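**Student:** Sequence:
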Amino acid sequence: MRDVEHSIQLVSDYRVHHQAPYRLSIPEATELKRQLEKLLRLGFMKPNNSPWGAPVLFAHKADDTLRLCIDFRGLNRYTVKNNYPMPRSDELFDRLAGNRFFTKIDLRSGYHQIRIAAADQPKTAFRSRFGHYEFTVMPFGLTNVPATFQRAMNDIFRDILEQYVLVYLDDILVYSRTLEEHLRHLRDVLDRLRRHSFYAKLSKCRFAQHKVDFLGHYLRVRAVAEFHDQAVVGHMGFHKMLARVSRLYVWPKRKDFVKDYVAECPTCQEVNSANHLPYGLLQPLPIPEGRWKSISMDFIGPLRPPTPRGHDAILVVVDRFTKRARFVPCRYAISACEVADIVFDRVVRDHGLPRSIISDRDPRFTSRFWRRLHKVCGTQLHFSSSYHPQTDGQTEITNRTLGDILRKIVRDDQQWDLHLAHAKIAYNHAVSPATGMSPYYCDLGYHPRVPADYLRLSQLHPGTSCPALDDWVAHMTSIMKTAHEHIAASQTRMAARANRLRMDHAFKVGDDVLIDARHLQLEADTLRKFRRRFFGSCRIL
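According to UniProt numbering, the sequence shown is numbered sequentially starting from 1.
Any given hint could turn out to be false.
[Said to hold, decoys possible] List time: in silico BS3-like cross-link candidates among lysine-lysine, alpha-carbon distance up to 30 Å: (1) 201 <-> 38; (2) 61 <-> 255; (3) 259 <-> 104.
Just so you know, these hints were derived from the structure itself, not from any lab.
Since the structure is predicted, the reported quantities are computational estimates derived from the model, not experimental observations.
Whole structure, please, built from the sequences with the hints as guidance.
**Tutor:** See below:
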């Protein structure tokens with residue numbers, strides 16, 4: 001007969017806990033009804049009217065079946081904790097050295113084989129849509145249940161414990177050096193279980209085996225952790241860890257096990273460099289409905305030193321449909337009001353009010369004045385994602401192309417603002433790979449004539465020729481030719497490289513991710529060389 005019962009001792013200032021049932025889906029409600037009928041039939045629970053009441057929920061097992069769980073956190077909060085010592089797995093495995101035969105005994109619904117003291121059964125009450133019940137046997141999820149079960153097993157096998165039997169909760173391992181010894185030891189263990197009315201689940205038992213999976217998963221994790229997490233090991237990668245673990249431990253599929261462990265190590269995730277392509281494929285913005293319906297804006301600067309005219313920045317405005325660009329020299333400290341004046345003078349006056357404007361998160365574009373202006377004008381302001389200027393890809397590409405042009409034509413005096421008109425003509429005359437025509441032609445329907453078109457040496461009247469004019473014409477022709485060649489090559493390269501060095505991301509709303517430390521403001525005294533590369537985790541909303 002079992003002479004052990006589980007009692008629930010409460011703290012002096014406890015409060016009776018009762019909670020409304022959780023909402024269940026139709027399949028969960030059907031499964032709940034089936035399991036309640038089974039537990040009632042087996043006598044593991046009975047109806048009651050206790051003031052206690054815990055809610056019911058379900059957890060998915062590995063085979064996708066539902067496990068009935070009782071949320072006993074309210075009761076556990078007021079339960080006096082039992083500090084009965086649990087066996088250490090490392091000490092248990094030390095006892096197995098030199099033995100050849102093993103039998104693993106798995107008790108059937110182990111916790112349900114010990115009754116709860118009659119006076120304490122009402123405390124285990126739980127509520128459901130099908131009634132109010134209390135357990136007569138130990139349920140899962142109750143504080144001190146593992147300690148009670150381990151104490152019962154230790155009492156049964158106390159005189160032979162760690163001689164030829166190991167017990168860890170409801171897992172029992174019998175071990176021997178010879179088969180004759182093993183049969184004798186096994187008979188003794190089974191006889192003790194029978195006398196104390198404990199039952200095993202035959203389908204999960206393994207008899208007289210040369211190797212069995214006894215706490216195997218825990219042993220593997222501990223073995224890998226010893227060779228990975230210690231400071232003297234240094235959180236090495238997969239190949240080094242597999243080589244070290246394989247020297248002492250062997251188990252099936254250990255390669256996959258070590259690989260998963262290293263990949264899921266929180267410290268490695270936060271510290272190691274990212275060795276994959278950048279996430280996020282190119283996601284083109286919607287094509288505008290027509291000319292100057294949607295524009296993008298950005299600043300290039302500050303450009304030091306300022307020019308003699310006080311300019312140290314360039315405001316770049318691009319029509320997203322025709323790709324026509326406007327380059328305006330300005331001060332980098334320009335205010336939001338002054339930016340609005342430039343847009344109205346250079347864009348709105350000639351082309352009307354755009355329906356949408358795309359820009360980065362420059363403070364001048366995020367200011368209250370700029371937002372109010374858009375609200376009054378009825379336009380939409382779209383910002384690029386934080387730390388991802390590729391969102392405003394049109395202006396970013398234009399900025400790089402403009403920089404390439406100015407490097408070719410700016411002289412040693414660095415007065416780049418005197419050459420912006422030349423750069424604008426060169427840029428807008430070049431054929432865009434996106435439209436197959438030049439921005440000028442796409443916007444105006446013809447190619448505006450520029451000095452290089454008609455100031456050719458062959459077209460000049462012999463009597464009007466002069467060396468200074470000839471030099472200027474040759475210089476302009478060289479500028480236009482160089483700019484056209486460079487723009488065409490640059491734009492072709494950018495289009496070809498768009499997705500070659502990027503990969504699609506697998507992130508979705510609700511995922512936990514780490515934040516790149518390069519985008520975080522850290523304390524001034526933080527040592528940047530050895531700081532973690534990622535911080536988190538944070539949930540995607």
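**Student:** Which earlier hints can't be squared with this structure?
**Tutor:** none
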